[in-house]
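Protein chains in written order, with my numbering: chain A, 175 to 626; chain B, 14 to 328.
It should be emphasised that the hints constitute simulated quantities derived from the structure, not laboratory data. Warning: the hint list may mix true and false statements.
[Stated by the list, open to error] Derived pair list, reagent style SDA-like, types lysine to any residue, alpha-carbon separation capped at 20 Å:
| no. | chain 1 | residue 1 | chain 2 | residue 2 |
| --- | --- | --- | --- | --- |
| 1 | A | Lys433 | B | Gly181 |
| 2 | B | Lys93 | A | Tyr619 |
| 3 | A | Lys433 | B | Asp38 |
| 4 | B | Lys326 | B | Glu292 |
| 5 | A | Lys262 | A | Ser526 |
| 6 | A | Lys433 | B | Met306 |
| 7 | A | Lys262 | B | Gly181 |
| 8 | A | Lys433 | B | Asp187 |
| 9 | A | Lys433 | A | Ala450 |
| 10 | A | Lys522 | A | Leu251 |
| 11 | B | Lys93 | A | Leu451 |
| 12 | A | Lys433 | B | Leu190 |
| 13 | B | Lys262 | B | Thr60 |
| 14 | B | Lys93 | A | Lys527 |
| 15 | A | Lys262 | B | Asn166 |
| 16 | B | Lys93 | A | Lys433 |
| 17 | A | Lys262 | B | Leu82 |
| 18 | A | Lys262 | B | Gln76 |
| 19 | B | Lys93 | B | Phe290 |
| 20 | B | Lys326 | B | Lys262 |
| 21 | A | Lys433 | B | Pro182 |
| 22 | A | Lys433 | A | Gly410 |
| 23 | B | Lys93 | A | Ser617 |
| 24 | B | Lys93 | A | Asn469 |
| 25 | A | Lys262 | B | Phe290 |
| 26 | A | Lys527 | A | Asn328 |
| 27 | A | Lys522 | A | Phe350 |
| 28 | A | Lys433 | B | Asn166 |
Listed here are the chains, written in short residue letters.
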Amino acid sequence: MSRKLSRRSFLKGAGVFAAAPLATRLDLFRTFSKSPLLQDVPSVRPITIQINDSPWFAGFEALVDLYVETTGNEVNLDVSPFAGMLQKSRNAVQAPESEFDILNLNEQWYSMFYQGGLVAPLREIDPDFELDPNIIEYDYATRWDFDLNYSGPNGELYGLPINGNIQLYFYRKDLFEENGLSPAETWDDVASNAAALHNPPNMHGFTLRTNPSNFEFQAYLVSHGADIVTLDAETGEWVVQLDTPEAVAALNTWISLGKNYGPTNLADLDQAANLALMNSGRLAQVHMVSAAAPNFQDPNQSIVVDQVGAGVVPAGPARRATMSGIWVMSIPTNLPAERQQAALTFLKWALSKEAQIYYSQAGAIPVRQDVYEELSDDPALGWWMSAVAESTPYIVGQVRLAEAPQFFEVLDRRTVEALIGELSPEDAMMEAAREVHTILQQSGYNVRDLRS
Amino acid sequence: MARPSTLAEAPPSAGAASKPAGVLDFFDRTFKYWAVLPTVIVLTLLTIQPALQLIQMSVSDVQFSGGQLQWTFVGLDNFKYLATDVVFPVALRNTLIFVVCVVVIETFLGLVLAFAVSRVGRFSPIYRAVFVTPILIPAVAIGTMWRLMYDYNFGIINQILALFGIAGPTWTGDPNLALISVMIVDIWHWTSFLFLILLAGVESLPHELSEAARVDGANEWQVYRHVLLPMMRPTIIVALMLRTILAFKVFDEIFLLTGGGPGTASQVISMHIYTVFFEQFRLGYGALLALLMALIISVFVIFYQWVNAMARKTM
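Bound-form chain A, shown alone:
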């Protein structure tokens, strides 16, 4: 589906703001569209942006509307469902000239585009380009270091974050106040709060996402001092961390919280099911993506509006960790310089502080630390923006190897096998470690032997 946006189309599509009444939305748009900071943009040729039809799309579309209004530059949006995004991106970069000026790449597959040279280094397009230090890099998801063959601080800039989705801890503020409970700081706190509120089938103390499980489970791993794999910088060896006691402890915590306080259909819970449990007032605490926050405030979906609080993902014995699940925007290599310049012009504008504040108020997840801090006092958004701002020091990127999707599939399978009792937690983690080790070996990595 292709959408051409213009000043006129804005008036037709003004209803993109889900959280505010129409008059407020228009006021907001009028205020921002007159901002001199946002108007200081050169006139460039029209661009086409590939974008997924995810819950934050409305916010992105509003941002593009504002760009069109303030700069007069034209933008076409090519909107796809999530499932078709990767294939379209791959087709675009294999063509003689990409149909898209900007690709939207998920954290789980951007490395393939950076590593394969399918997108252009930003400083090749604009040698003077400097990344604003307020833009959160999400464990260097913006960069690729060809020496490490990984995302690292010394890598070249290949992409800019556009959706700063990380994990948060959500809880029922009203129930916590009634029962004199405090938001959980640790997984043990989660268990004790859950024990106090668990009253199935009408109220569950906590739940897990099990279909698929890997994204949230990685936070348990890291908070217990484990991981899927780590790189030993001294020896250059990759070390599988799933055969450690810490990994088994992480799995035990995960299973124990789910089995003791989760719903009966625990083994088949996806994100939508957990959202539905919270929105229907049947869940006391949950660990899920920050993008879920606007859903809890939407009276069309939720009966717990204004009753949900947010905090940093609880700590394990080792540390706190919130995994990032972000999107980055990159510019294909197979474009003439003029198109690349036009694309970068949009991205620079979209990541400016003013544009990001507008983007947040339109219901999207910003990517700037100063925006999170400034909106922490916002009456509508502050309750979760402050939690995201607090979470920044604990952000951990997911494994960024080409083989990462194989690791995730292993984790999805083995964790649930332990949950349903097909394997003991020790065996599940050992089997997972063996599989990940084999994957690394077969792919030619220098990989350290397993511990046992």
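Position chain B against the provided structure of chain A, taking the given hints into account.
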């Protein structure tokens, strides 16, 4: 006078006499080859070429690099992944269980319905329309509909069970029930396909033989068992073969209902190929798995053809 059986045997027309007899003769003799040539070309382009590419991919390592797909010949290297793939054997086992169960049950139900509807008389069109409905609904809609019906908290199935005081199970979350839950949906969806094929077969059966059997004193069971079923055998075998091929490729129902889980409880080959191809981007290994699946299906097709040939001999 006997008519010529081929164009070559036909006497030359007056117009043709003026053309070189050799050229005409050549075209007459080779006409059958020219007639099938367009089909051969289309088949080659649409079937054989992609199959060859799949074979080529299965012995290659395919990577994106420098803005292009890079193919590197690796011979039988992709087999090493097969040896260490712990999901494939489970997926193969689940697929075989799935195929055998759904094909047998759907064929039995399809046959019963076909015989029943053929005897209904004036209400037959209504029954046909009702029984054919599931096959007309898109698979995505069916998956979504059943996902809602199976929902532990809000699904209608558990709500009905609750009316009788029965606590409904977690249909898609219980490893012992997940594959069975998918089979129930598949049987609901695909029985109508078997019904349509078998009904066409039933309606083409000559009535004289069954009438003669009845006149000779055969009861209804004996008529079905010894007259109608043997005559239906070729149709049943074709229906079995088509349905087996389709059942091996089951994907949408699994994808929408269970995602292959919990764990690997409902994992099937096509779902595994999808994961390898589109989530793990291992194109070479994915192609090898696809090729293996095609080979397994071919074994079944050959088996059915052999059974069909045996059946013809005994008739």
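task = State the violated hints by number, sorted upward, taking the hints as numbered earlier in the document.
result = 3, 4, 5, 6, 7, 11, 14, 15, 16, 20, 22, 24, 26, 27
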